[in-house]
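All chains, please: the whole structure from these sequences, using the hints.
2 protein chains.
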Amino acid sequence: MLPSSHKWFTEPCMEAGVAASWTIEKHLAREVTDYQTIDIYQTSHWGNLMVIDGFVMLTARDNFLYHEMLTHPALFSHESPARVVVIGGGDCGTLREVLAHRNVRHCTQVEIDEQVTRLSEKFFPELCERNDDKRAELVFDDGLAYVRNLPPGSVDVIIVDSTDPIGPAEGLFGPDFVADCFAALSDGGIMVQQSESPLIHQKLIAGVRGNMQQAGFETIRTLGFPQPCYPSGWWSATQARKGGSLEPADPARFEASGITTRYFNPGVHAGALATQIP
Amino acid sequence: MLPSSHKWFTEPCMEAGVAASWTIEKHLAREVTDYQTIDIYQTSHWGNLMVIDGFVMLTARDNFLYHEMLTHPALFSHESPARVVVIGGGDCGTLREVLAHRNVRHCTQVEIDEQVTRLSEKFFPELCERNDDKRAELVFDDGLAYVRNLPPGSVDVIIVDSTDPIGPAEGLFGPDFVADCFAALSDGGIMVQQSESPLIHQKLIAGVRGNMQQAGFETIRTLGFPQPCYPSGWWSATQARKGGSLEPADPARFEASGITTRYFNPGVHAGALATQIP
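If you read the sequences in order, they're chains A and B. Sequential numbering from 0 applies to the first sequence in numbering that gives the first Met the number 0. Sequential numbering from 0 applies to the second sequence in numbering that gives the first Met the number 0.
Cut-off 25 angstroms, straight-line C-alpha distance, at most; resulting in silico cross-link-like pairs (DMTMM-like, lysine to aspartate or glutamate):
{"hint": "1", "chain 1": "B", "residue 1": "Lys6", "chain 2": "A", "residue 2": "Glu10"}
{"hint": "2", "chain 1": "B", "residue 1": "Lys6", "chain 2": "B", "residue 2": "Glu24"}
{"hint": "3", "chain 1": "B", "residue 1": "Lys25", "chain 2": "A", "residue 2": "Glu10"}
{"hint": "4", "chain 1": "B", "residue 1": "Lys121", "chain 2": "B", "residue 2": "Glu136"}
{"hint": "5", "chain 1": "B", "residue 1": "Lys202", "chain 2": "B", "residue 2": "Glu10"}
{"hint": "6", "chain 1": "A", "residue 1": "Lys121", "chain 2": "A", "residue 2": "Glu30"}
{"hint": "7", "chain 1": "A", "residue 1": "Lys6", "chain 2": "B", "residue 2": "Glu10"}
{"hint": "8", "chain 1": "B", "residue 1": "Lys202", "chain 2": "B", "residue 2": "Asp175"}
{"hint": "9", "chain 1": "B", "residue 1": "Lys133", "chain 2": "B", "residue 2": "Glu113"}
{"hint": "10", "chain 1": "B", "residue 1": "Lys6", "chain 2": "B", "residue 2": "Asp38"}
{"hint": "11", "chain 1": "B", "residue 1": "Lys6", "chain 2": "A", "residue 2": "Asp52"}
{"hint": "12", "chain 1": "B", "residue 1": "Lys6", "chain 2": "A", "residue 2": "Glu14"}
{"hint": "13", "chain 1": "B", "residue 1": "Lys121", "chain 2": "B", "residue 2": "Asp132"}
{"hint": "14", "chain 1": "A", "residue 1": "Lys202", "chain 2": "A", "residue 2": "Asp163"}
{"hint": "15", "chain 1": "A", "residue 1": "Lys25", "chain 2": "B", "residue 2": "Glu10"}
{"hint": "16", "chain 1": "B", "residue 1": "Lys121", "chain 2": "B", "residue 2": "Asp131"}
{"hint": "17", "chain 1": "B", "residue 1": "Lys25", "chain 2": "A", "residue 2": "Glu14"}
{"hint": "18", "chain 1": "A", "residue 1": "Lys6", "chain 2": "B", "residue 2": "Asp52"}
{"hint": "19", "chain 1": "A", "residue 1": "Lys202", "chain 2": "A", "residue 2": "Glu10"}
{"hint": "20", "chain 1": "A", "residue 1": "Lys25", "chain 2": "B", "residue 2": "Glu14"}
{"hint": "21", "chain 1": "B", "residue 1": "Lys25", "chain 2": "B", "residue 2": "Glu120"}
{"hint": "22", "chain 1": "B", "residue 1": "Lys6", "chain 2": "B", "residue 2": "Asp52"}
{"hint": "23", "chain 1": "A", "residue 1": "Lys25", "chain 2": "A", "residue 2": "Glu120"}
{"hint": "24", "chain 1": "B", "residue 1": "Lys25", "chain 2": "B", "residue 2": "Glu125"}
{"hint": "25", "chain 1": "A", "residue 1": "Lys202", "chain 2": "A", "residue 2": "Glu169"}
{"hint": "26", "chain 1": "B", "residue 1": "Lys133", "chain 2": "B", "residue 2": "Glu78"}
{"hint": "27", "chain 1": "A", "residue 1": "Lys6", "chain 2": "A", "residue 2": "Asp52"}
{"hint": "28", "chain 1": "A", "residue 1": "Lys25", "chain 2": "A", "residue 2": "Glu113"}
{"hint": "29", "chain 1": "A", "residue 1": "Lys6", "chain 2": "B", "residue 2": "Glu14"}
{"hint": "30", "chain 1": "A", "residue 1": "Lys121", "chain 2": "A", "residue 2": "Glu136"}
Covered stretches of chain B, as calculated for chain A (at least 3 residues, CB under 8 angstroms):
{"hint": "31", "segment": "10–24"}
{"hint": "32", "segment": "229–236"}
{"hint": "33", "segment": "265–276"}
Examples of chain A residues lying across from chain B (beta carbon under 8 angstroms, computed):
{"hint": "34", "residue": "Thr9"}
{"hint": "35", "residue": "Phe63"}
{"hint": "36", "residue": "Ser231"}
{"hint": "37", "residue": "Trp233"}
{"hint": "38", "residue": "Gly266"}
{"hint": "39", "residue": "Val267"}
{"hint": "40", "residue": "Ala271"}
These are computed hints drawn from the structure, not numbers from a lab. Glycine is no exception: its CB is placed at the ideal position from the N, C-alpha and C atoms.
Below is the structure:
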């Protein structure tokens, strides 16, 4: 039983027989868009909370884990990630981490639902602090079509920062999209896709890796990291490289980058690359 | 709201404004001992679940993370861990991992509440499969007094596998116990203590580290790892060494050990050692 002394937001995850709940101070906003329903809550201990169609997307307190681990391992494994595309990621937290890299010349964020970004600007302003960077481009369109239409070899890193593989994001977990990413990447280019929990979504991870292999990627690695607000609290990103290996960040390059992080560092990166799916 | 279609066991963690719930098939056992109340549930997706005084101790499905990470980093950082003491750990999962090391000659588990072990033998037999190893000694007594009475320099590794720092385990987080561990350890000996969540128990971790520093330990490291069944899903173990450094497992030694793991490996070990407390 949840203590009735508090108001709670609960996300059940029936496929894993668990539920996670947060104590809520206030329901701040609800937007019903063409794609989904977005709710924003003020929690007691986790700052603001974004929920889409009943699934927790992020909290102010713990999103740094996910955003750092989706971004920095890929960008530090690439020798010169100049052109980056983020598919999804409408909260702009991934965009912010990408633009922390001085060698990135251009980053396009392609979010299908503009309201995700508008609500993030209002309720997660810290994630949007680089939206006005002159290297940032915000596109509100279908990520599937966007990647399909990219000139071959035109992008160094593609980060797929999607919701769960149901609803608008379903196609992002399909083989056609992954093949389009492969075509759009330059030689040595890296694709990284959020790939759910190593403990409860092993079939999905196998599917993501299978798509990457089928598309022709040479090196595929699944990196694990903690993410309290997602089911099981243990999450993953799967990386694929179009030629070349996926190595942990060089400590000297990380140091010289001047990038400050709360979780990522070259040692953590090496550890994440060593993740075995149990 | 938790879906009323199922029965749930819920652990609220009000200090962090969260709760975690599991769908339950059956309440298998309850023992009210001199120390605490122990419940065993059969869950739908996580195997059996042990709860003490309302706090989740372990599930059959995810305890491997905690037990591997409490044990193997310490034992592989020590050149020859022959004599090991486990304080607490009544479910015997830590004892099992310790005895996977062929160079361990003797391991004493000192659990205050015999019923924890008796229930584990019945409901988590896989954790107890090395209880009859001739190197294993099961003592049911007060861990504080046991360590206080150990001959100086008589132990190579002490693993503090305790419940939360309230109730019977409170003293295990105090400076006197840590000083007694220091005295009992041989030169180069390692103490490791479960130290709660890097995200929500930062003060506790600072206290654990402070005790270790005060006791005279030369090297102190806090290792992070996922642990779905504990609050935030991100947990830690803090290690302290009496002279010498704490280095990741040598891959050749790990390979030669023949030890099979589902999470731990030398790369993961290196990553855990690189944990920064955010």
